[in-house]
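Engineer: Sequence:
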Amino acid sequence: MRARIYQPAKTAMSSGQAKTKTWVLEFVAETAREVDPLMGWTSSQDTQAQVKLTFDTKEAALDYAKERGIDAVVTEPKKRKPVIRPGGYGENFATNRRGTWTH
Numbered sequence: 001m002r003a004r005i006y007q008p009a010k011t012a013m014s015s016g017q018a019k020t021k022t023w024v025l026e027f028v029a030e031t032a033r034e035v036d037p038l039m040g041w042t043s044s045q046d047t048q049a050q051v052k053l054t055f056d057t058k059e060a061a062l063d064y065a066k067e068r069g070i071d072a073v074v075t076e077p078k079k080r081k082p083v084i085r086p087g088g089y090g091e092n093f094a095t096n097r098r099g100t101w102t103h
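Under this note's numbering, residue 103 is the last one in the sequence shown; the count climbs by one each step, no gaps.
Honestly, I wouldn't trust all of these hints.
Within a straight-line C-alpha distance of at most 20 Å, the following computed EDC-like cross-link-like pairs (lysine to aspartate or glutamate) qualify [unchecked claim]:
no.	residue 1	residue 2
1	LYS21	GLU67
2	LYS58	GLU26
3	LYS52	ASP71
4	LYS52	GLU67
5	LYS58	ASP71
6	LYS52	GLU26
With beta-carbon atoms standing in for the labels, derived distance ranges [said to hold, decoys possible]:
no.	residue 1	residue 2	range
7	TYR89	GLN50	40 to 46 Å
8	ASN92	ARG2	51 to 57 Å
9	ARG68	SER14	31 to 37 Å
10	GLU91	GLY40	50 to 56 Å
11	SER43	PHE93	54 to 60 Å
12	GLU91	ALA9	27 to 33 Å
13	PRO82	SER43	42 to 48 Å
14	SER44	ALA9	39 to 45 Å
15	ASP56	VAL28	43 to 49 Å
16	ASP71	ASN92	52 to 58 Å
Read the hints as simulated data drawn from the structure, not as lab findings. Backbone N, C-alpha and C define an ideal beta-carbon position, used for all residues, glycine too.
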């Protein structure tokens, strides 16, 4: 069995970092998905592809894979650069603004 271990990225719909601190062990699909001719649903005979295990640390995920004989590939997360905004909401009402504030 092959699997990949990664740290999920934040969703595009949120600005927070929720659910990005854990590590996920996800099995790679052994067989391709097929379309059911009657209903048009996509299905697969491989049930391992549905399994996602979460771990607190990368080492815990690697230990789990090693104990079970799973060939795991680790994908390191890309660290994002912190965005530093000069000022904030209060700057909209500052008295030392360069331009006039109008609506």
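Engineer: Against which earlier hints does the structure fall short, listed by number upward?
Structural biologist: 1, 14, 15
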